[in-house]
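Engineer: Fit chain B to the supplied structure of chain A, relying on the hints for placement.
The primary structure of each chain is shown beneath.
Protein chains: 2
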Amino acid sequence: MTTTGSTVAMAGAMQAYALTLDRFIDHAAKWHGAVEVVTGGVGGARARIGYAALRERSQRLSGALRSLGLAQGDHLGLLAWNSQAHMECWYGAMGIGIVCHTLNPRMSPAHLAGIIRRAANRVLAVSPDLVPLLETLVPMCPTLEHVVMLDEPGAEVSLPTLSRASAWRYEDLLCERGEIVAWGGFEENAPAGLCFTSGTTGAPKGVTYTHRSNYLHTIHQLQADASGLTSRDCALIAVPMFHANGWGFPFSGPAAGAKLVFPGRHQDGASLANLINSEGVTVAAGVATVWLGLADHLDRTGEDLPSLRRIMLGGASVPQALMDRLEQRLGATVQTSWGMTELSPLGTVTPATASVRRASQSGRPPLGVDLLLTDSNGAPLPEQRGHEGRLHVKGASVIQRYFGEDEPAVDSSGWFDTGDLAVIDERGNVSITGRAKDLIKSGGEWINPGEIEAIVGALPEVALVAVVGRAHEKWGERPVLVVESRQGAHISDEALLDALRTRVASWWLPDAIVRVSSMPLAMTGKIDKQRLRAMVA
Amino acid sequence: MTTTGSTVAMAGAMQAYALTLDRFIDHAAKWHGAVEVVTGGVGGARARIGYAALRERSQRLSGALRSLGLAQGDHLGLLAWNSQAHMECWYGAMGIGIVCHTLNPRMSPAHLAGIIRRAANRVLAVSPDLVPLLETLVPMCPTLEHVVMLDEPGAEVSLPTLSRASAWRYEDLLCERGEIVAWGGFEENAPAGLCFTSGTTGAPKGVTYTHRSNYLHTIHQLQADASGLTSRDCALIAVPMFHANGWGFPFSGPAAGAKLVFPGRHQDGASLANLINSEGVTVAAGVATVWLGLADHLDRTGEDLPSLRRIMLGGASVPQALMDRLEQRLGATVQTSWGMTELSPLGTVTPATASVRRASQSGRPPLGVDLLLTDSNGAPLPEQRGHEGRLHVKGASVIQRYFGEDEPAVDSSGWFDTGDLAVIDERGNVSITGRAKDLIKSGGEWINPGEIEAIVGALPEVALVAVVGRAHEKWGERPVLVVESRQGAHISDEALLDALRTRVASWWLPDAIVRVSSMPLAMTGKIDKQRLRAMVA
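These protein sequence lines are chains A and B, in that order. For the first sequence, my numbering assigns the number 537 to the last residue and increments by one with no breaks. For the second sequence, my numbering assigns the number 1537 to the last residue and increments by one with no breaks.
It is possible that some hints are incorrect.
As the list claims (entries may be wrong) - Here are the computed lysine-lysine pairs in the DSS-like style, where the Cα-Cα straight-line distance is at most 30 Å:
| hint | chain 1 | residue 1 | chain 2 | residue 2 |
| --- | --- | --- | --- | --- |
| 1 | B | LYS1030 | A | LYS437 |
| 2 | A | LYS30 | B | LYS1394 |
| 3 | A | LYS30 | B | LYS1030 |
| 4 | A | LYS394 | A | LYS205 |
Keep in mind that the hints were calculated from the coordinates and are not lab data. Treat the numbers as computed from the prediction; the structure is a model and nothing was measured.
Here chain A stands alone, though its shape is the one from the complex (with noise of 0.2 Å):
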């Protein structure tokens, strides 16, 4: 036999068996059935449902869709908090093809309005409390057509009046319209998902995720030293589902056969303590804010958690005492991790295994994630250990490309740019330091605000705290540093920069410092520093 054919023989030698994320309900449905999905709701009210009754509700959901006129390829809304509905609306929809556009209820009704207009949003499924929201919407979304009503536990749904768009309860639909469809046979390279950035540095840029690149996203997040969820797990999703696929636990939730627990919109520490112990959370997902906010009800109530055992951080890096307090006080392992909606949204992440496990650092990058440091010019260190650089990134769940848009996001080599500055130590851990757009020039040379921030942000009086620069005459830029104090403490300027004297060249020490009893936040909880500019300027 010769080499060419031999090739043609091994053509189709495993079988073509697509990545689509409808696998993924499938298999809980089968083999973890009675496995269930909880959803907290108003007053403290919870609906459950096993994976096998809701992939049946799923299937229902696909033929109603298609009776309101959503065909593969099309977009469905999804204004909405976690809940089993929303989970049943990504499974239906993403099951024949359609594509979840989810949305923010936090971003502005313009910026709302601008991405359901550029997704050309027909179809919008809505969480019951967001009506005021919805009113504000739909006059200025003309492809509206029809608006789902989400049930949540306790929640009255009642239908709104609105001008054009016909509005349908969730279940009704499911009642009138479910009809089983059957799922998949079609490319696992169609869409899935679609997400729009922030918008804190522009306009949204909308990502667009594949059924492939969600699939891979979960099996490498699945990994033991990343999620590690079993189908003995019980895993507690603070992480809102409109955030890059909410960290993708309801893809792996059901990949694994693990219990899911939704908190709904009542993430305060009572409701959270409840749910942990009630349902018996192994493994709980979210910002810092969320579990420093169960940490303090914990120790008014002297309550525990014995069921729990690892958190899984998000978000903007904390300060090691926080992270400690939030060791000990839970009683659980804090893994923290980095990522962003243009990576699906996995960077790196510490292993709950992890000997050493330091706030600053957020773990390496799981199996199909690389990563690469460059300079400022986008070419690579020569030493990629011990020295920062500005990180770029490559990988199965990588954007390559914005929604609607004609050139890719990655440069000539294929590396995306994801904006940080990071350092990666000898044993592999990258720590991000800054973003590259944060960084200061003064006197021609660069101040990192993010190592700023990092000394004053660990002093105990300190809540939250931001460097920006100010223009100047003579040295370009100047840092200014604006603090906001914990409640009830104090602490003079001479001694904040006295923190600082000791640990940062003279000409980083801040010109000014301004007080702000509440800092301005941007819709994903971090520091809005575009506002912060305008302020200081």
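Structural biologist: What follows is chain B alone, placed relative to chain A:
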């Protein structure tokens, strides 16, 4: 934007990241470069190398293989035990699209020569102790041009004198021809490996693994409920690499950043205990006989294995008493599993965290493997739980077509018939109950030898047991029981039948009992029923 327009805009939304196997060793070299691959050798000698160095040597091997005339799509024959050099051959070959054709040294020379000719192997890499076999093979394999003698720690590598093919020492080849070559650049559906089944039921059939099928097998297998390897694990691989990708550990080890330990040919209890304790092994993979030998050694010496946490058990199922003994004596959780060459090989596995683990059960399929029970005509059983059926499989790493065959190996619905019989309980646990071809038809009704074997095999006096059919004038076929007693033990025919009488129907009782001093085994270590049938005929 119209629907069509938005679909077009989404093409290429996420990066085209080919799922090729060089990703694993690239990842390990970059993020776990100092984590070691350790090879046990002759007289306890060991070789050790970090992933970064192993990658570099593999890349040099790529250049050397090219210099011997191998190109993408060609096969590299590998007649070798597990070792660092063997692993370097995998990555050096696969990294440039050369297909690794792994050969089982325990096959007959005639079978080996047959498949070497069918795969048109021009280069063969060989373990140094296999020179006598090699000298038999070379005259039978006219395609062979080069033979590479792999190094093994502590073994003297002398070059054989071959009639036609030229012989190389591995290290000399690396040194003289080892020009570093860039990897990748081919399609993920390109072939990566070729493995022939043992051929106990006819001529050996070849399974061609692709880069995609092996990549997906690896990350599906890395789920926490399956192999669950972490970067803190040290995995002892007592599975030969010529058995269905060595259960994937040479891939999953570097993918997870886990340390790997190859025992080489020295799989006696003393050698294994020494390796486990000195290298800090946490997970070990292999067949029951290996772990039984280890338990015997521990009993004799009183040693313990404090680092060992899990045993991944493959091959035939074991009696409960043996599994209990292993768990107790080795101080490790046993994960039973089921797989086959055509499945890459993982079919089902019991989670390490499962609350109930029975020796007769093989666990559940991980995400990416789908199962279906049918009747003997291939029609799906209406009830998939609690009823014995013929086990069919679909999945990303399941065969579509055997090497060199024109016809697919799957039915018209795309299911691969494993030939195994199985029952799935209400919780989704799969028990393999026998082989369809081993069923005995007596008076028009089926007798399952597997059920009789499970009962007799659990008796403490019995070492190995098999039930085969013998032609019968009146009934068509009748069962014959073949027993190998444990050394020094005896059990009467009456006691054997008594054990069965209350557990199986009276017409299932064997017509005859045959005693053997040594059960005939096939090359894979399974009982050779073809020979037994001929014996009792």
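Engineer: Evaluate each hint against the coordinates.
Structural biologist: Hints, one by one, checked against the model:
1. B:LYS1030 x A:LYS437: 28 Å, holds
2. A:LYS30 x B:LYS1394: The hint holds at about 14 Å.
3. A:LYS30 x B:LYS1030: 38 Å, violated
4. A:LYS394 x A:LYS205: Since the Cα atoms of A:LYS394 and A:LYS205 sit roughly 19 Å apart, the hinted pair holds (cutoff 30 Å).
Violation of the numbered hints given earlier is confined to hint 3; every other hint is satisfied by the structure.
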